[in-house]
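Assemble the whole structure, with the sequences as input and the hints as a guide.
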Amino acid sequence: MELGGRWREEILVSADALGLPDLRRAVVALEASPVGAAEAIGEVAREVRDGQRAAAAERARTAPVKMLFPLVFLVLPAFLLLTVAPVLVATLQSIR
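Offset between the sequence shown (1-based) and the working numbering: plus 15.
Rather than coming from a laboratory, the hints here were simulated on the basis of the structure.
The calculated label-pair distances, taken between Cβ atoms and stated as ranges, are: (1) Asp-31 x Leu-95: 53 to 59 Å; (2) Ala-78 x Val-28: 34 to 40 Å; (3) Arg-111 x Ala-70: 55 to 61 Å; (4) Val-28 x Glu-62: 21 to 27 Å.
No residue lacks a Cβ here, since even glycine has one placed at the ideal position from N, Cα and C.
So, in structure tokens, the structure goes:
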């Protein structure tokens, strides 16, 4: 940032440097919007929240698939060892 520069330009440069596309969109919306700053920033904030909600819903949809591997290969064998194995051992001992 340079001292004495236009604040919008400096914020855009900072947003690009920090990788914040939402901040860039807010400043562009603020410049293009005939309404006040609060309304323009509020609209961008709503869009960001909607995007975050959609991303969270997508992660929630993929969670069961990601849990399948540990369930099948870790929990199920432990369950079988603790429940079925003693029954099998007792059955085999009673047959003899």
